[in-house]
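2 protein chains.
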Amino acid sequence: MSVLVVGSIALDTVKTPFGEATDAVGGSGVYFAAGASFFTPVNVVGVVGQDFPMHSLDFLKARGVDLHGLSVKPGKTFRWSGVYGFDLNVRETLDTQLNAFATFKPSIPDVYRKTDYVFLANIDPELQLDVLRQVERPRLVVCDTMDFWIEGKRDALLRTLQEVDVLILNDAETRELAEEADLIKAARRVLTMGPKTVVVKKGEHGALLISSDAFFAAPAFPTESVFDPTGAGDSFAGGFVGHLARTGDLSHETMRQAVIYGSVIASFNVERFSMERLKSLSQEEIRERFRAFQKITHFDE
Amino acid sequence: MSVLVVGSIALDTVKTPFGEATDAVGGSGVYFAAGASFFTPVNVVGVVGQDFPMHSLDFLKARGVDLHGLSVKPGKTFRWSGVYGFDLNVRETLDTQLNAFATFKPSIPDVYRKTDYVFLANIDPELQLDVLRQVERPRLVVCDTMDFWIEGKRDALLRTLQEVDVLILNDAETRELAEEADLIKAARRVLTMGPKTVVVKKGEHGALLISSDAFFAAPAFPTESVFDPTGAGDSFAGGFVGHLARTGDLSHETMRQAVIYGSVIASFNVERFSMERLKSLSQEEIRERFRAFQKITHFDE
Numbered sequence: 001m002s003v004l005v006v007g008s009i010a011l012d013t014v015k016t017p018f019g020e021a022t023d024a025v026g027g028s029g030v031y032f033a034a035g036a037s038f039f040t041p042v043n044v045v046g047v048v049g050q051d052f053p054m055h056s057l058d059f060l061k062a063r064g065v066d067l068h069g070l071s072v073k074p075g076k077t078f079r080w081s082g083v084y085g086f087d088l089n090v091r092e093t094l095d096t097q098l099n100a101f102a103t104f105k106p107s108i109p110d111v112y113r114k115t116d117y118v119f120l121a122n123i124d125p126e127l128q129l130d131v132l133r134q135v136e137r138p139r140l141v142v143c144d145t146m147d148f149w150i151e152g153k154r155d156a157l158l159r160t161l162q163e164v165d166v167l168i169l170n171d172a173e174t175r176e177l178a179e180e181a182d183l184i185k186a187a188r189r190v191l192t193m194g195p196k197t198v199v200v201k202k203g204e205h206g207a208l209l210i211s212s213d214a215f216f217a218a219p220a221f222p223t224e225s226v227f228d229p230t231g232a233g234d235s236f237a238g239g240f241v242g243h244l245a246r247t248g249d250l251s252h253e254t255m256r257q258a259v260i261y262g263s264v265i266a267s268f269n270v271e272r273f274s275m276e277r278l279k280s281l282s283q284e285e286i287r288e289r290f291r292a293f294q295k296i297t298h299f300d301e
Numbered sequence: 001m002s003v004l005v006v007g008s009i010a011l012d013t014v015k016t017p018f019g020e021a022t023d024a025v026g027g028s029g030v031y032f033a034a035g036a037s038f039f040t041p042v043n044v045v046g047v048v049g050q051d052f053p054m055h056s057l058d059f060l061k062a063r064g065v066d067l068h069g070l071s072v073k074p075g076k077t078f079r080w081s082g083v084y085g086f087d088l089n090v091r092e093t094l095d096t097q098l099n100a101f102a103t104f105k106p107s108i109p110d111v112y113r114k115t116d117y118v119f120l121a122n123i124d125p126e127l128q129l130d131v132l133r134q135v136e137r138p139r140l141v142v143c144d145t146m147d148f149w150i151e152g153k154r155d156a157l158l159r160t161l162q163e164v165d166v167l168i169l170n171d172a173e174t175r176e177l178a179e180e181a182d183l184i185k186a187a188r189r190v191l192t193m194g195p196k197t198v199v200v201k202k203g204e205h206g207a208l209l210i211s212s213d214a215f216f217a218a219p220a221f222p223t224e225s226v227f228d229p230t231g232a233g234d235s236f237a238g239g240f241v242g243h244l245a246r247t248g249d250l251s252h253e254t255m256r257q258a259v260i261y262g263s264v265i266a267s268f269n270v271e272r273f274s275m276e277r278l279k280s281l282s283q284e285e286i287r288e289r290f291r292a293f294q295k296i297t298h299f300d301e
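As given, the protein sequences belong to chains C and G, one line each in that order.
Quick note on numbering: the numbering used here labels position 281 of the first sequence as 281, and the sequence is numbered without any gaps.
Quick note on numbering: the numbering used here labels position 44 of the second sequence as 44, and the sequence is numbered without any gaps.
Just so you know, these hints were derived from the structure itself, not from any lab.
There may be inaccurate statements among the hints.
What the hints assert, rightly or not - Computed beta-carbon distance windows for the label pairs:
{"hint": "1", "chain 1": "C", "residue 1": "Phe59", "chain 2": "G", "residue 2": "Met193", "range": "52 to 60 Å"}
{"hint": "2", "chain 1": "C", "residue 1": "Thr223", "chain 2": "G", "residue 2": "Glu92", "range": "31 to 39 Å"}
{"hint": "3", "chain 1": "G", "residue 1": "Ala102", "chain 2": "C", "residue 2": "Arg287", "range": "44 to 52 Å"}
{"hint": "4", "chain 1": "G", "residue 1": "Asp95", "chain 2": "C", "residue 2": "His298", "range": "51 to 59 Å"}
{"hint": "5", "chain 1": "G", "residue 1": "Met193", "chain 2": "C", "residue 2": "Thr93", "range": "52 to 60 Å"}
Said to hold, decoys possible - Incomplete in silico selection of chain G near chain C, CB under 7 Å:
{"hint": "6", "residue": "Asp124"}
{"hint": "7", "residue": "Pro219"}
{"hint": "8", "residue": "Arg256"}
Note that beta-carbon positions come from the ideal geometry of N, C-alpha and C, so glycine has one too.
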């Protein structure tokens, strides 16, 4: 089953303690598509400027990612610039130039309107809702957001959440959205806002999957070689939604596997700058790390 | 197999957002003994003042904890006073009165000298080493410490660690001891200091078990009713060492179970003030929560 993603396509300039990359391809839509492409066909809706190096997405096309929903607008591509210190959990945004993204109004191509799986990447919640108005009711709507929208467009976000099945947030966003300091209580409060399931990303501490009657806790893969955390959350979402679409199964058991696949993809993604690691990643490496996750979490009765 | 613990016995005055307790029985030796007592006989070595309400330890005696190593000294008992805010991960010490504990020189009774399992609770590393000089080589030496000793008695601590099999630390202590910000790298560096295994306690984020050739990650039990975190680490250690002593098996697989049992005991302990929850806890509740841990961490291939 194919997945529709609506999100940003960006050129990122990133500095970490281990090096830097200039105008590297990034953005939530691209990281998600790269992650999901290992599992299922992906349709991308987004916008770039005339300066965008289209060849940089050739590796996605080669994996069956459909880029016909990508429109090219006059002017420049969305640019983000940030720096990470030795605590890679904390990043500082140096510069954001919305450029072509500033007037982005997602228009879903007719051929994408019957999509069973939709991922609303981190964009204005009004645009997220607009996307849902353009598609026939999907089997599964998965949504991401961030502090910027929680603080600045709370009402619009709450309207969007009414139509969302799975909300993916980090721990700070979960607390902020719920206005509750205790993370478990906060996640349960988010379940009263529309989503039937909440996935809480905790970075180096792993992820939680919480619904009204089920709870799953996964660690992060214990990597010692985090190089560039950019895109970890979106590539996680790619693996998560990709596995659900591949199996066509939305049971809690399959969602648990999906959390692990998301963690696997994210753990590879952070090993190199930009898309470098996801470009070279193989199915066998994904399977191996999934099995490694089983080994590090298993215990007998 | 019985366990020998050498640690503090205290009267704690604790304030949390949910209430307060005055002069409640506490201390690392007591929390450890209470946790381990569900699994195995425990011998306690420690000191109290003449004001100590001995009847407050009756529940331990009833569970087979041997208190003959507890000496009563003139003067008052060690007192600690602290307050927790809504972020229960952070506590502020208001007052510490060492009293009888100030001159504590652990003297191991002859009947305890042949002990297979020894837990060196968080006391001066010179005293920890002195305890090991008084016992025949145990099968397993497990040790706790804290920032105070890492900073103030680093050389003595490093000497003690040479004789330690398993070191139990929290994440901040692991980073500080190893002088390394990355937690996984830090834990691996601690493995070069003597211990064959490191257990890293991460509070609400669970625990890691790391040895040179094995890695295990466990979440915390997703409780929404943390009431008083005092003693969480020591009761964790009690469950951990208690399970190892009960089974007599020091394999990595059994250590994984031990981490889960430690987490189970700690998760109960924080549900009430002081020893209240561990007093009323039953074997059946422990088994149930162990199974709940399996449910929240399991995923299929």
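Cross-check of the supplied hints:
1. C:Phe59 <-> G:Met193: 52 to 60 Å: 45 Å, violated
2. C:Thr223 <-> G:Glu92: 31 to 39 Å: For C:Thr223 and G:Glu92 the Cβ distance comes to about 34 Å; the hint holds.
3. G:Ala102 <-> C:Arg287: 44 to 52 Å: 59 Å, violated
4. G:Asp95 <-> C:His298: 51 to 59 Å: 45 Å, violated
5. G:Met193 <-> C:Thr93: 52 to 60 Å: 39 Å, violated
6. Asp124: 32 Å, violated
7. Pro219: 3 Å, holds
8. Arg256: 4 Å, holds
Taken one by one, the earlier hints fail for this structure at numbers 1, 3, 4, 5, 6, listed in ascending order.
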